[in-house]
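K.L.:
Single-letter residue listing:
There are 2 protein chains.
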Amino acid sequence: MKTMNIILMGYGRVGQAFVRLVQEKQEDCREKYNLRLHLMAVFNSRGGLFLAQDDKDRNLLADFEPGSNPEKSVFWRPDLALAEALKSFDAGVWVDCTPSNLKDGEPGLGYMRRALDAGWHVVTANKGPLVVDFGGLWKKARIKRLSLGMSGAAAAALPTLDVALKALAGAEILGFEGILNGTTNYILTRMGKGMGYGEALREAQQKGIAEPNPSQDVDGWDTAAKILIITNAIFHTGYTLADVRVEGISHVRPGLFLEARKTGRKIKLIGRFIQRPRGPLLETRIAQLDSSHPLFGVDGARKGVTFFTDSMDSVTVTGGKSDLRGAAAALLKDIINISEGQI
Amino acid sequence: MKTMNIILMGYGRVGQAFVRLVQEKQEDCREKYNLRLHLMAVFNSRGGLFLAQDDKDRNLLADFEPGSNPEKSVFWRPDLALAEALKSFDAGVWVDCTPSNLKDGEPGLGYMRRALDAGWHVVTANKGPLVVDFGGLWKKARIKRLSLGMSGAAAAALPTLDVALKALAGAEILGFEGILNGTTNYILTRMGKGMGYGEALREAQQKGIAEPNPSQDVDGWDTAAKILIITNAIFHTGYTLADVRVEGISHVRPGLFLEARKTGRKIKLIGRFIQRPRGPLLETRIAQLDSSHPLFGVDGARKGVTFFTDSMDSVTVTGGKSDLRGAAAALLKDIINISEGQI
Numbered sequence: 005m006k007t008m009n010i011i012l013m014g015y016g017r018v019g020q021a022f023v024r025l026v027q028e029k030q031e032d033c034r035e036k037y038n039l040r041l042h043l044m045a046v047f048n049s050r051g052g053l054f055l056a057q058d059d060k061d062r063n064l065l066a067d068f069e070p071g072s073n074p075e076k077s078v079f080w081r082p083d084l085a086l087a088e089a090l091k092s093f094d095a096g097v098w099v100d101c102t103p104s105n106l107k108d109g110e111p112g113l114g115y116m117r118r119a120l121d122a123g124w125h126v127v128t129a130n131k132g133p134l135v136v137d138f139g140g141l142w143k144k145a146r147i148k149r150l151s152l153g154m155s156g157a158a159a160a161a162l163p164t165l166d167v168a169l170k171a172l173a174g175a176e177i178l179g180f181e182g183i184l185n186g187t188t189n190y191i192l193t194r195m196g197k198g199m200g201y202g203e204a205l206r207e208a209q210q211k212g213i214a215e216p217n218p219s220q221d222v223d224g225w226d227t228a229a230k231i232l233i234i235t236n237a238i239f240h241t242g243y244t245l246a247d248v249r250v251e252g253i254s255h256v257r258p259g260l261f262l263e264a265r266k267t268g269r270k271i272k273l274i275g276r277f278i279q280r281p282r283g284p285l286l287e288t289r290i291a292q293l294d295s296s297h298p299l300f301g302v303d304g305a306r307k308g309v310t311f312f313t314d315s316m317d318s319v320t321v322t323g324g325k326s327d328l329r330g331a332a333a334a335l336l337k338d339i340i341n342i343s344e345g346q347i
Numbered sequence: 005m006k007t008m009n010i011i012l013m014g015y016g017r018v019g020q021a022f023v024r025l026v027q028e029k030q031e032d033c034r035e036k037y038n039l040r041l042h043l044m045a046v047f048n049s050r051g052g053l054f055l056a057q058d059d060k061d062r063n064l065l066a067d068f069e070p071g072s073n074p075e076k077s078v079f080w081r082p083d084l085a086l087a088e089a090l091k092s093f094d095a096g097v098w099v100d101c102t103p104s105n106l107k108d109g110e111p112g113l114g115y116m117r118r119a120l121d122a123g124w125h126v127v128t129a130n131k132g133p134l135v136v137d138f139g140g141l142w143k144k145a146r147i148k149r150l151s152l153g154m155s156g157a158a159a160a161a162l163p164t165l166d167v168a169l170k171a172l173a174g175a176e177i178l179g180f181e182g183i184l185n186g187t188t189n190y191i192l193t194r195m196g197k198g199m200g201y202g203e204a205l206r207e208a209q210q211k212g213i214a215e216p217n218p219s220q221d222v223d224g225w226d227t228a229a230k231i232l233i234i235t236n237a238i239f240h241t242g243y244t245l246a247d248v249r250v251e252g253i254s255h256v257r258p259g260l261f262l263e264a265r266k267t268g269r270k271i272k273l274i275g276r277f278i279q280r281p282r283g284p285l286l287e288t289r290i291a292q293l294d295s296s297h298p299l300f301g302v303d304g305a306r307k308g309v310t311f312f313t314d315s316m317d318s319v320t321v322t323g324g325k326s327d328l329r330g331a332a333a334a335l336l337k338d339i340i341n342i343s344e345g346q347i
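Protein chains in written order, with this note's numbering: chain A, 5 to 347; chain B, 5 to 347.
Bear in mind the hints are in silico, worked out from the structure with no lab data behind them.
A couple of the hints might just be wrong.
Note: identical chains are not told apart, hence a pair may lie in one copy or across any two.
Claimed, not checked - Below are the DMTMM-like pairs computed for lysine to aspartate or glutamate, each with C-alpha atoms no more than 25 Å apart in a straight line:
id, residue 1, residue 2
1, 36, 344
2, 211, 314
3, 36, 176
4, 148, 344
5, 197, 294
6, 266, 75
7, 143, 247
8, 144, 35
9, 143, 32
10, 143, 344
11, 36, 94
12, 6, 344
13, 197, 137
14, 143, 110
15, 144, 314
16, 76, 121
17, 266, 108
Next comes chain A alone, as it looks inside the complex (with noise of 0.2 Å):
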């Protein structure tokens, strides 16, 4: 039996759906896997939830219920140095599901480099510090031999990244194009079939689709990381923010949803890489597919993903679910995957 030690940072809704998770999946991971997953810490910006050292065979997921605040454990410590902790156990996976920060990546940037400094794997659903820095936390993980856990941070559940690297072995990756974001997706298809662009909104909104802040989403910028994060790492390129070319949703008139009804067309938020005789192209922009598209079919909150080959022929992946219980599912892959010196 193998075992994993893992430390949380981040105990929000994908922290707490992580723990959850791991919970679910102990037995299953032990049977399956002959995998020990051993949850050992978790941090929040305040202090940070652990088991001493000398107590290692209790399971610190018995010490409190999932979506309870760790602060009121008895195991809580409010002075609880991450040094500290990095140190105190065997080195495992490091968990990163802070807020994401496309600006500056922290701060799970700062945190990511310290783990990746004390030997620990890393697995994100943060986009933010891959935005920011994908070539030195790549570089920093590979001189050390550690692994670099994207999934959560490229659509989550959705598989991206394992489809590319691994299903697709062997094969030249032309380019990609994708679906990428569940709310700008579920508002666009409300709006093709009629809805304005405020209601549909409001609608996603309302059913927790939608951010109370939702530019992160609307504006294309949840894709344009998603798409950086999925270059970066096939492609081994070390591509910014800056080099996409980001379109989002809210300027789309109704009159193109029209347009697009009359020719049996959909209107879709696309992020896509793609090799020009000038250069690669990074983008998101709305596209108009036709009913032989490979994600003409990618409706609502769903998302899904294109590759374009030179042995296989296109690939397209759709599915995979778009919440908190599959962003832990994606963390939770990439950790056996690690065990199993597979990423």
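Please arrange chain B on chain A, whose structure you already have, making use of the hints.
P.N.:
Okay, now just chain B, sitting in the frame of chain A:
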């Protein structure tokens, strides 16, 4: 630089496409995967072509034109014994491209057993041996810590097993369903446009999509074999063809297509594995899909598969070239992933 020695058994159309692809991708594999592909022998039922051990740096591939008859090469040896070849080189990957025989799995099955016994990984484009003795081959491979690469036999360039085992790691697969045979899907797509069965079949044959004897495809056996392999590989079960309820497409009456068209549906041959209260069910069946079904858009000779999971919802993969190059690419993918310890 790792070196992977390769012996190819079977030099028909898939085997030749494999040799061509290995030749084409050699540089790429060195650069991207630090992997030297060393094709050391090619066998067919009449003998073998190989590179002498004292001539290791020479590449067999340079010695004959792919697509030509290996028996014309100066290296052709009608007396070359398999046992000799298996012992002559450091064990690497045995690639099986012998004709598929769903009845007794031969000649591939016997060859694969010998290759595994001699310490070679096995990668196969041939469904026969896996359908007949999945359990035995799997056990043999596990005991010797060898890999069994089955992508080429499980829908080839459409990724099925990598997605199920890696991209969905940690999620419980509750069931799956797929359009897994390009020939029948092509015929049904044409019938959906008003063509009769006989006419559609002849067109498929003229285009090289259907075999002169189409029975294995149109009677559902190819689809049945694929769901069997995928099921056994995911769940480590030992189902055989006798456990699959098999329906083909030749009996489907034209009226069904008319009805389907009226309600915006399509007729597809679905292969599926589902769990029911009274036990699991493996079947191929004619189904009517409506436009919300994730496989609705999979038309013509294209393929697709949907996996249903507990934590990631459903994930669908479509596409992947249904041709010789796609089959060869699936074999190469497995070899690369084996070289990285990932199968």
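K.L.:
Hints broken by the structure, by number, lowest first?
P.N.:
As far as the earlier hints go, 6, 13, 15, 16 and 17 are violated by this structure, in ascending order.
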